[in-house]
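Asker: Those sequence lines, one after another, are chains A and B. Take 1 as the starting number for the first sequence in the working numbering and just add one per residue. Take 1 as the starting number for the second sequence in the working numbering and just add one per residue.
These aren't lab readings, by the way, just hints derived from the structure by calculation. Check the hints yourself; a few may be wrong.
Claimed, not checked - Think about it this way: if two alpha-carbon atoms lie no more than 30 angstroms apart in a straight line, the pair counts; the simulated BS3-like pairs of lysine-lysine are:
hint, chain 1, residue 1, chain 2, residue 2
1, B, K68, B, K156
2, A, K325, A, K151
3, A, K8, A, K207
4, B, K68, A, K8
5, B, K156, B, K111
6, A, K159, A, K141
7, A, K141, A, K151
8, B, K232, A, K207
9, A, K119, B, K68
Said to hold, decoys possible - Pairwise CB distance ranges, derived in the manner of DEER restraints:
hint, chain 1, residue 1, chain 2, residue 2, range
10, A, I118, B, A168, 19 to 25 angstroms
11, B, E186, A, R361, 51 to 57 angstroms
12, B, H64, A, I193, 35 to 41 angstroms
13, B, G135, A, R18, 26 to 32 angstroms
14, A, K325, B, G135, 45 to 51 angstroms
We put the beta carbon where it would ideally sit given N, CA and C, even for glycine.
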Amino acid sequence: MKSLFTIKSGGAASWAMRLAVAAVLAALMLWVPTRGSDSLIEVCTTAFTLMAAALSLNLLLGYAGQISLGHSAFFGIGTYTTAVMVTRWGWSPFHTLPVAFVLAFVVGVLVSLPALRIKGVYLALVTLALGMVFPQFIKWKKLSWLTGGAKGINDTGFKFTKDNPTYEIFGWNPWGNLRGQNVKPFYFWVGAIIVLVVYLICRGVVKSRVGRSLVAIRDNSTAAAVMGVNLPVTKGIVFGLSAAMCALPGSLSAIRTGTVTADTQLLTVAGSITFLVIMVVGGAGSLWGPIIGAAVYQFIIERTGGWTEPDAIPALFRPFFGWSKTAPGGGLFAIALILLMFVAPLGLVGLWRQHSVRLCRVVPKPAGTTTISVMAAAPAAVDETHTA
Amino acid sequence: MTLLRTRGLTAGYGPVTVLHGLDLEVAEGEIVVILGANGAGKTTTMRAISGTIPRAGSVEFEGHDVHKSAPDAIVRAGIAQVPQGRGTFPELSVEDNLKVGAFVRRDGGGKIGADALRWFEVFPRLAERRSQRAGSLSGGEQQMLAIARALMSRPKLLLCDEPSMGLAPLITQELFQVLERLNKEEGLSVLLVEQNANLAMHMADRVYLLETGRIVASGSAAELSADDSIRKAYLGF
């Protein structure tokens, strides 16, 4: 395939491109919380929540090849750990994040025990059971002294008062006015930091020796075992880590909304499916896939959120969705998913990798920087008797 | 000195017992070939030694009993396996496949990189495809990669499960020459499973003949091919 441009990886042009992307991202990150509307900030924070959850699932499914339909439960463990500790024991919300992380890690490792013996559809079923049991468990009457039962828990977030300090740089207030007036940018930054932390953990794991062993397990677990990869330990740790990372956005949602109930969409199996679909649409097994997937998902949901009346729908789409009384966002996303499976089974990131070559080809660093002297024409040293 | 010794090695899958008490030995610096028809238990023998299936009986490696060890402990002890059907990791690059082969080594990136370069010298075709996905290699190249990957753990004993499967005769020969050279120059011991009796017997120090999970004959290649009845019944030449 011909490309318009060819640049060398690690060269000046490649760095310029990276810098440009970083600059655009940085500008967006500063513009949204300072100049963006409140609803835009809210949407972005929700997108961050989904990004972190989808990233955590991606480590488990995209890289290690272990399916989980129970990530909503890990998300919920984060939510409820924060809610319970803040309301019952008076913890500061941020201090509950490490607790949620550790708790979800332990539960994740426990859930991985059956995963050591089963795979594929059977693992999907076991984890699906976890996702289905979790809301029921929370609503269990005998636990309602702790979890609030079906009513849920209120006042799980920060208490902002007139005494809170507020910070400004050059008249800007990028983290919002913390005196209880506008705290949305604050949550925006918390969400962004959680995504960054989860991304860096995933990146650290994936680019390491352990990351290679994860892909090895996914590609051929028997061969990985005879290479000396300890399957039970590796699977257990990656399951725990993925669960732990998924608890962080869960905690954020408890802090941000201030109310938690077991029937919130992301805490039920629908949440697991949402994370899964976001990951697949964005691109499984790539670090940026879930991030892009979550952004696109939240964009579609937001844009079509008001399409409940025929008059509110743009003329182009009205014939298709005018009959429906509910917002068609989920349905639209489902159609996008089906179409993507035809044109880009590797998700949006896969689509980009496939087609960006036409525009610009990045030549990898030349392989074999050390001179390779072919070992004294090895194949030529044929002992004639061997060909008999 | 005996490197690997199994006594009454029994293994199978679920309720089915495939191996009925094998007594095998591989001495240091030896190339030992296991011959047998399909279903004789050759691959099961390999798996039983590398610990990837449950087994009974004793497996001694360098005088230590390893029959209860997990697969990763066995790799660390110095037994590497080239699994049947190559078993390369298609989504990893050639270089990363080699790095996974060195998974159990703790002696730092420099030495591992030097070893990778060394196998690139032995298999120049892998060097050309260094950053390519392993899945995009040809069958022969994948087999070379599988062997190089197994050697990355610096094993004392290499288990090779039918490296000739699905390869052109010339490539097979080339691979066997590499194995033989490693054996002569580095003293690498090799336990090789083969269907191609003709080719394998020429490089073997000793041969075991396997039939329905039992050893029916063993000895040097010359001894076995001298015995007419064995030659006709099992070797087919």
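Asker: It remains to establish, for every hint, whether it holds in the given structure.
Answerer: For each hint, the structure was consulted:
At most 30 angstroms may separate the alpha-carbon atoms for a hinted pair to count; B:K68 and B:K156 meet this at roughly 19 angstroms. A distance of roughly 28 angstroms separates the Cα atoms of A:K325 and A:K151; the hinted pair therefore holds under the 30 angstroms criterion. Proximity of A:K8 to A:K207 is assessed by CA-CA distance (about 21 angstroms); at most 30 angstroms being required, the pair is judged to hold. With a C-alpha separation of about 51 angstroms, the suggested pairing of B:K68 with A:K8 is violated against the 30 angstroms cut-off.
The straight-line distance between the Cα atoms of B:K156 and B:K111 is roughly 17 angstroms, inside the 30 angstroms bound, and the hint therefore holds. Under the criterion of a C-alpha separation no larger than 30 angstroms, the hint pairing A:K159 with A:K141 is consistent with the structure, at around 29 angstroms. This hinted pair checks out: A:K141 and A:K151 have alpha carbons roughly 11 angstroms apart, not beyond 30 angstroms. Among the hinted pairs, B:K232 with A:K207 is inconsistent with the structure: their alpha-carbon atoms are about 54 angstroms apart, more than 30 angstroms.
Between A:K119 and B:K68 the alpha-carbon distance is near 25 angstroms, which keeps this suggested pair within the 30 angstroms criterion. In this structure the hint that A:I118 and B:A168 lie 19 to 25 angstroms apart at CB is violated, the actual value being about 39 angstroms. For B:E186 and A:R361, the Cβ-Cβ distance of about 42 angstroms falls outside the hinted range of 51 to 57 angstroms, so the restraint is violated. Between B:H64 and A:I193 the Cβ separation comes to about 50 angstroms, which falls outside the hinted range of 35 to 41 angstroms.
Distance hint check: the CB atoms of B:G135 and A:R18 are about 28 angstroms apart, consistent with the given range 26 to 32 angstroms. With their beta carbons about 48 angstroms apart, A:K325 and B:G135 fall inside the hinted range of 45 to 51 angstroms.
When the structure is compared with the earlier hints, violations turn up for hints 4, 8, 10, 11, 12 and for no others.
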